[in-house]
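In numbering that gives the first Met the number 0, the protein residues as written are 0 to 392.
I should point out that these hints are in silico values taken from the structure, not numbers from a laboratory.
Any given hint could be a false lead.
Said to hold, decoys possible - Label pairs and their computed distance ranges (CB to CB):
no., residue 1, residue 2, range
1, 25, 369, 37 to 47 Å
2, 173, 88, 24 to 34 Å
3, 380, 108, 24 to 34 Å
4, 87, 22, 34 to 44 Å
5, 88, 126, 37 to 47 Å
6, 127, 26, 17 to 27 Å
7, 380, 128, 33 to 43 Å
8, 155, 179, 35 to 45 Å
9, 68, 181, 19 to 29 Å
10, 111, 191, 25 to 35 Å
11, 62, 28, 10 to 20 Å
12, 30, 184, 35 to 45 Å
Virtual Cβ for every residue (Gly too), placed ideally from N, Cα, C.
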Amino acid sequence: MTGTVDAEVVCLGESMVTFLPSRPGPLADVPSFDRTIGGAESNVACALAAAGHRVRWVSRVGADGFGDHLVRSVAAYGVDTSGVRRDPHRPTGIYFRTATDRATDAHEVVYYRAGSAASAMSPDNMAPEDLRSGALLHLSGITAALSDDCLALMRALTARTPGRPLVSFDVNHRPNLWRDPSGVRVLLDLARGADLVFVGEDEAAAAWDLHGAEAIRAALPEPRTLVIKRGAAGATVYTREPETTTPLGTAPAPPAAPTASAPSATSAYGRDSAHGREAECGREAEYGREAEYGRDTVVSVPALRVDVVAPVGAGDAFAAGFLSATLRGLPAAARLRHGHLMAAAALTVPGDLGAPPARADADRLAGLDARAWGRLRLGPGWTEATEQEVRTP
C-alpha cells in the first residue's frame with residue numbers, strides 16, 4: 000500500500016448529535032433530553048479506540064456548537080479526529096429518538112440531517128492522505144444514501160485500484176434514507192468492490208430480493224470475506240482463502256483474507272436475539288464448491304443471550320469487536336465471539352456506545368468451550384463485573 004500508514008483503522012462516515020429522552024413516552028410528551036453522539040462509523044471508531052487500537056475518524060461537521068461537541072466526544076475515546084473537516088455553510092446533523100424499543104410501533108426517530116455538512120462529502124473535498132492512512136478503511140452503506148456526492152465518494156473508495164487499503168463495508172441498509180427505493184441496488188455494487196462485507200439476511204432480502212446465505216454468496220463472489228448475519232442464530236462467515244493469524248498492519252502488507260462479521264442493530268440484534276439460543280459454537284466446515292473465486296471456508300458462531308437495555312449500536316459494536324480480533328490475528332471463531340461480546344456491551348446500555356470489556360476478560364469469555372458459551376448470559380454492568388460475577392450458570 001502506498002503512503003504512510005499511521006492508523007490501524009480509518010472510519011469514514013457521518014456522525015450526529017443524538018438526543019435521548021429523559022423518560023419513556025412519545026416525543027410529543029418528553030420534557031427533556033440527554034445529549035450524546037451516534038453514527039455507525041464513528042461508533043466503530045470509538046469502540047475500537049476504547050479497545051486499545053489506533054483509529055482515525057474522517058468526516059465533515061458544521062462549524063457550530065454541535066460540531067464542537069461531536070468532535071470532542073469522539074476524540075475523548077482516543078480517536079484521531081484530525082481528518083474531520085469543518086463546513087462553514089452546512090450544519091451538523093442531529094436526531095431525536097424515544098426510549099422505547101426500536102422493534103415496536105411506538106418507537107420514534109426524527110432526523111435533522113438533510114443538507115448536513117457530512118452529506119456534502121465528495122471525492123473532491125475529502126483528502127486521500129486521510130482516507131489511505133490506515134491498514135483498513137471501514138465504510139457503511141449509510142454514507143451512500145446521504146447524497147449524490149457521497150455516493151460518488153463511496154464508488155471511488157470501493158473501486159479496486161492499486162495501493163488502496165483493505166476495505167471493510169457494512170451494508171447497513173436504511174430504507175428511509177433512500178429517496179428512490181430502487182437506489183438500494185447500488186449497495187450491491189459497492190459491496191462487490193469491498194474486501195470484507197457485512198450483511199444481514201433480512202437486509203439482503205429487503206434490498207436485493209436475495210434469500211438465504213448461499214444466494215447472497217452467489218451474488219457477492221468478489222469479497223474475500225462475506226459475513227451473513229442471521230439474527231438470533233448468530234453469524235456465518237464465508238472466507239474464500241485460508242485465514243492468516245498474522246495481526247493486521249504488522250507485516251508489510253495486510254493479510255490476504257481476514258474474516259469479518261458485524262450484524263446491524265436492525266437485523267442480527269433485534270428483539271428476537273435478546274435471548275439468543277443455545278447452540279454449538281465455532282462450527283467449521285469446508286465444502287467443495289468450486290467457482291471462479293475459489294473455495295470457501297465457513298465458520299458459524301451463535302449469538303449470546305443478553306438482557307437488552309436498548310438495541311441501538313449493537314451492530315457497530317459487533318463490527319468493532321470483530322475487527323479488533325482481526326487486527327490481533329485471532330482465528331475466525333474467536334473474531335466472531337469478540338464481535339458478540341462487544342455487541343453485548345452496547346446492548347446493555349441506553350445509548351449507542353457501551354464500554355467494552357477489558358481485553359483479558361473478553362479473551363477469557365471468547366475462550367469458553369461451546370457448552371459454556373451457549374449458557375452464558377450477560378446483563379447491564381457485565382463489562383465491569385469481576386471474573387466470578389461473569390460466569391455461566
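| field | Range hint 10 to 20 Å (beta carbons of residue 62 and residue 28) holds or violated | value | violated, 34 Å
| query | Falls inside 24 to 34 Å, the C-beta gap from residue 173 to residue 88? | reply | holds, 25 Å
| query | Does the Cβ pair residue 111, residue 191 satisfy 25 to 35 Å? | reply | holds, 33 Å
| task | With 34 to 44 Å as the target window, see if residue 87 and residue 22 comply at their CB atoms. | result | holds, 37 Å
| query | Is the distance from the Cβ of residue 127 to the Cβ of residue 26 consistent with 17 to 27 Å? | reply | Between residue 127 and residue 26, where Cβ atoms are some 41 Å apart, the hint is violated.
| task | May I ask you to test the hint 24 to 34 Å on the CB atoms belonging to residue 380 and residue 108? | result | Between residue 380 and residue 108, where Cβ atoms are some 27 Å apart, the hint holds.
| Distance restraint evaluation - residue 155, residue 179, Cβ atoms, bounds 35 to 45 Å | violated, 21 Å
| request: Could you tell me whether the CB distance from residue 68 to residue 181 stays inside 19 to 29 Å? | output: Roughly 37 Å apart at Cβ, these two residues miss the hinted range, so it is violated.
| task | Starting from the hint 33 to 43 Å, judge whether the C-beta atoms of residue 380 and residue 128 obey it. | result | holds, 42 Å
| task | Look at the Cβ atoms of residue 25 and residue 369 and judge whether their distance stays inside 37 to 47 Å. | result | holds, 44 Å
| message | Within 37 to 47 Å: is that where the Cβ-Cβ distance between residue 88 and residue 126 falls? | response | violated, 19 Å
| said: Taking the Cβ atom of residue 30 and the Cβ atom of residue 184, is their distance within the range 35 to 45 Å? | reply: Distance hint for residue 30, residue 184 holds at roughly 43 Å.
Of the numbered hints given earlier, the model fails hints 5, 6, 8, 9 and 11; all others are met.
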